[in-house]
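Trainee: Residues per chain, in single letters:
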Amino acid sequence: MQGLIIIIITAALLDNVVLSQFLGICSFLGVSTKTEVALGMGGAVVFVITIASAVASLLYDFVLAPLSLGYLDTIVFILVIAALVQVVEMFFKKSIPSLYNALGIYLPLITTNCAVLGVALNNVTYGYNFIESVLCGLGTAVGYLVAIVMLAAIRERCEGCEYLESFKGVPMVCICAALMSIAFFGFSGLNI
Amino acid sequence: MIVMAFNFVAVLKATLVVGIVGLLIGIVLGFAGSIFEVKKDEKEEKIRACLPGNNCGGCGYPGCDGCAHAIFLGEAPVNQCPVGGPKVAAEIAKVMGVADVPKTEARKAYVRKSDCVGCTLCEKTCAFDSVHVVNKKATVDLDTCKGCGACAAKCPKKAIDLMDESKARELFAAEPKAAAPAAEPAKAPEAKAAPAGEPQKAYVHKENCVGCTLCQKNCPFDSVHVENRKATVNQETCMGCGVCASKCPKKTIELMDASKAKALADQEAAAAAAAPAVEAVKAEAGKAVEAAKAEAGKAVEAAKAEAGKAAEAVKAEAAKTVEAVKAEAAKTVETVKSEATEAVEAAKVQVAETAAKAEEVVEEAVKEVKMHGRTASARPLQGAPGKKNKREHAKSINQKRV
Numbered sequence: 026m027q028g029l030i031i032i033i034i035t036a037a038l039l040d041n042v043v044l045s046q047f048l049g050i051c052s053f054l055g056v057s058t059k060t061e062v063a064l065g066m067g068g069a070v071v072f073v074i075t076i077a078s079a080v081a082s083l084l085y086d087f088v089l090a091p092l093s094l095g096y097l098d099t100i101v102f103i104l105v106i107a108a109l110v111q112v113v114e115m116f117f118k119k120s121i122p123s124l125y126n127a128l129g130i131y132l133p134l135i136t137t138n139c140a141v142l143g144v145a146l147n148n149v150t151y152g153y154n155f156i157e158s159v160l161c162g163l164g165t166a167v168g169y170l171v172a173i174v175m176l177a178a179i180r181e182r183c184e185g186c187e188y189l190e191s192f193k194g195v196p197m198v199c200i201c202a203a204l205m206s207i208a209f210f211g212f213s214g215l216n217i
Numbered sequence: 002m003i004v005m006a007f008n009f010v011a012v013l014k015a016t017l018v019v020g021i022v023g024l025l026i027g028i029v030l031g032f033a034g035s036i037f038e039v040k041k042d043e044k045e046e047k048i049r050a051c052l053p054g055n056n057c058g059g060c061g062y063p064g065c066d067g068c069a070h071a072i073f074l075g076e077a078p079v080n081q082c083p084v085g086g087p088k089v090a091a092e093i094a095k096v097m098g099v100a101d102v103p104k105t106e107a108r109k110a111y112v113r114k115s116d117c118v119g120c121t122l123c124e125k126t127c128a129f130d131s132v133h134v135v136n137k138k139a140t141v142d143l144d145t146c147k148g149c150g151a152c153a154a155k156c157p158k159k160a161i162d163l164m165d166e167s168k169a170r171e172l173f174a175a176e177p178k179a180a181a182p183a184a185e186p187a188k189a190p191e192a193k194a195a196p197a198g199e200p201q202k203a204y205v206h207k208e209n210c211v212g213c214t215l216c217q218k219n220c221p222f223d224s225v226h227v228e229n230r231k232a233t234v235n236q237e238t239c240m241g242c243g244v245c246a247s248k249c250p251k252k253t254i255e256l257m258d259a260s261k262a263k264a265l266a267d268q269e270a271a272a273a274a275a276a277p278a279v280e281a282v283k284a285e286a287g288k289a290v291e292a293a294k295a296e297a298g299k300a301v302e303a304a305k306a307e308a309g310k311a312a313e314a315v316k317a318e319a320a321k322t323v324e325a326v327k328a329e330a331a332k333t334v335e336t337v338k339s340e341a342t343e344a345v346e347a348a349k350v351q352v353a354e355t356a357a358k359a360e361e362v363v364e365e366a367v368k369e370v371k372m373h374g375r376t377a378s379a380r381p382l383q384g385a386p387g388k389k390n391k392r393e394h395a396k397s398i399n400q401k402r403v
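Chains A and B, in that order, give the protein sequences. For the first sequence, the working numbering gives the first residue as 26, with consecutive numbering after it. For the second sequence, the working numbering gives the first residue as 2, with consecutive numbering after it.
Simulated from the structure, these hints should not be mistaken for lab results. A quick note: this is a predicted structure, and the numbers were derived from the prediction, not measured. There's no promise every hint is true.
To be verified - Among chain A residues calculated to face chain B with C-beta under 10 Å, some are: (1) Ile100; (2) Val105; (3) Lys118; (4) Cys186; (5) Glu187; (6) Leu189.
Claimed, not checked - Taking lysine-lysine pairs in the DSS-like style, the calculated list, with each CA pair at most 30 Å apart, reads: (7) A/Lys118 x B/Lys95; (8) A/Lys193 x B/Lys248; (9) B/Lys207 x A/Lys118; (10) B/Lys158 x B/Lys207; (11) B/Lys283 x B/Lys218; (12) A/Lys193 x B/Lys261; (13) B/Lys299 x B/Lys283; (14) A/Lys119 x B/Lys125; (15) B/Lys261 x B/Lys248; (16) A/Lys118 x B/Lys40; (17) B/Lys218 x A/Lys193; (18) B/Lys125 x B/Lys137; (19) A/Lys59 x B/Lys158; (20) B/Lys207 x B/Lys299; (21) B/Lys159 x A/Lys59; (22) A/Lys193 x B/Lys299; (23) B/Lys47 x A/Lys119; (24) B/Lys40 x A/Lys59; (25) A/Lys59 x B/Lys155; (26) B/Lys231 x A/Lys193; (27) B/Lys251 x A/Lys59; (28) B/Lys248 x A/Lys59; (29) B/Lys310 x B/Lys327; (30) B/Lys88 x B/Lys155; (31) A/Lys59 x B/Lys252; (32) A/Lys119 x B/Lys44; (33) B/Lys40 x A/Lys193; (34) B/Lys252 x A/Lys193; (35) A/Lys59 x B/Lys125; (36) A/Lys193 x A/Lys59; (37) B/Lys218 x B/Lys137; (38) A/Lys59 x B/Lys218; (39) A/Lys118 x B/Lys44.
Ideal Cβ positions, reconstructed from N, Cα and C, are used throughout, including at glycine.
All chains, please: the whole structure from these sequences, using the hints.
Mentor: Printed below as a string of structure tokens:
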């Protein structure tokens, strides 16, 4: 039990997917203009990464590993994740229209998000079992949610600030993200 | 020479696995597609095709998809799209099979000049470059206006209305043409239109201002300036558009009648002018207070020292008294003890004497018994109680003494 909690905290804070592993930067910088939008994106990522890591873990444990085809994990995972997001999108559209309206436009963005694939591959590298994989996926996604919402809040705050013309736009966002990354390294001091 | 190590079995296995996974996914997606298919009527798609597809949101629905859906459900009229105008409405009406095309006209924005303060927000907002501010009054170019209503939503004075094109043109034609830069006729209707209210001006309540400069940055007229972390509105140039008030994160900018704002601003300025004098008075008062404090401190110190000495003396005396009392008490205890011992000794001696006497008496009694032994046979029986009585007597004396 304690080990599982440690996996979640490690994935969310210590090895933050965006700020420590530098995965999913594209959507992190792209969809962080407004806090609400960032929340929607983060929610969709939580949903997809958790499911994707579960499916990828099952696939690896029961298909790839027994056939000693571990080296195919990247290709198979990409295939499965892309299809999975499609199915999830269809399911939402049919069954939970309200959730589809809230998250729908972000789901296609996640299909090719490296963070999703990164978590699935990390789970294989760390040798996590099914439950550990799901929790690691959940923790990673929560880390992404926290990071993107924080960056969006900082960007909204920056709007009213004065800084050099040459820093306006993406450069300032990159500086903010870099400072956040440095701040998150403080979590490596957590004693767990 | 390159050696090609080619493991056909492994390649076959990998190809098969990936192929099967792909096939399975294809099948699953196919089934999912049919299971989760949301039936979209052909009509809805046709309606969507008729719409401009700019996703401008002018219709009030989230994008053209939302508008098409609403029209399909009958929630919105066929002329819901303000950008498409009558042409699109007619097409949609054809798709929907509505015989009577509602008489539609393109919607246009129209600025009520009387309320316009010339803040230029509409000009900045317009995506079609159709609104221009000239002489501090905005005018909509009715030929290029798409009627999306973005300017109307932004206008801080709510001076822009969306209306049918013909009405907008009519109103526009009725407007006094501002041929001369400062057209006098233009001012006359303005005064008539807003006779009730004084012009509004912004005023910053300084106590809550945090000096964030958002008001300064957003003021279209450069009328707000932040100095020493406090914003001040220039009452001469403020147009009362309220942009600063809406931007202020502390909600400390208030729109009020110009005279009131002016009075408050003057009061502030007077206070600022008086500030140096106040400061000087404060400084002097501060010094006096400091001096008074210092003196009071000294007095307290002295009082403390004296109190300390007195306390010491009292303590010493008290200690002496305690010592004397202790000594006396000790003496008394000693005498009491010795007296008690003496008394005990005396008692012991007396007891011993009494015991000796008692024994003598007993012996005499024994002798007597022996002498009269023949005459009274029962005599020896009486001797025993006698002896007993004597002993008890001695005991009781002994007890009393002790």
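Trainee: Does A/Lys59 lie within 30 Å of B/Lys248 when you go C-alpha to C-alpha?
Mentor: 17 Å, holds
Trainee: Does A/Glu187 pass the interface hint, meaning its C-beta sits closer than 10 Å to a C-beta of chain B?
Mentor: Holds, because the Cβ-Cβ distance from A/Glu187 to chain B comes to roughly 7 Å (cut-off 10 Å).
Trainee: Would the hint linking A/Lys193 and B/Lys299 be met if the CA-CA limit is 30 Å?
Mentor: 62 Å, violated
Trainee: For the pair supplied as a hint, A/Lys59 and B/Lys252, confirm whether the alpha-carbon distance does not exceed 30 Å.
Mentor: 22 Å, holds
Trainee: Does the alpha-carbon distance linking B/Lys88 and B/Lys155 stay inside the 30 Å limit?
Mentor: 28 Å, holds
Trainee: Sort out whether B/Lys158 lies within 30 Å of A/Lys59, counting only the CA atoms.
Mentor: 26 Å, holds
Trainee: Sort out whether B/Lys125 lies within 30 Å of A/Lys59, counting only the CA atoms.
Mentor: Holds, because 21 Å separates the two Cα atoms, which is no more than 30 Å.
Trainee: Does B/Lys327 lie within 30 Å of B/Lys310 when you go C-alpha to C-alpha?
Mentor: 26 Å, holds
Trainee: For the pair we were handed, B/Lys40 and A/Lys193, check the Cα-Cα distance against 30 Å.
Mentor: This hinted pair is violated, its Cα atoms lying about 46 Å apart.
Trainee: Check whether the Cα positions of B/Lys231 and A/Lys193 lie no farther apart than 30 Å.
Mentor: 26 Å, holds
Trainee: Interface hint check: A/Lys118, Cβ to nearest Cβ on chain B, cutoff 10 Å. Holds or violated?
Mentor: Hint holds; A/Lys118 Cβ to chain B Cβ min 5 Å, cut 10 Å.
Trainee: Holds or violated: B/Lys158 and B/Lys207, Cα atoms, limit 30 Å.
Mentor: 24 Å, holds
The earlier numbered hints that this structure contradicts are 6, 9, 11, 12, 14, 20, 22, 24 and 33.
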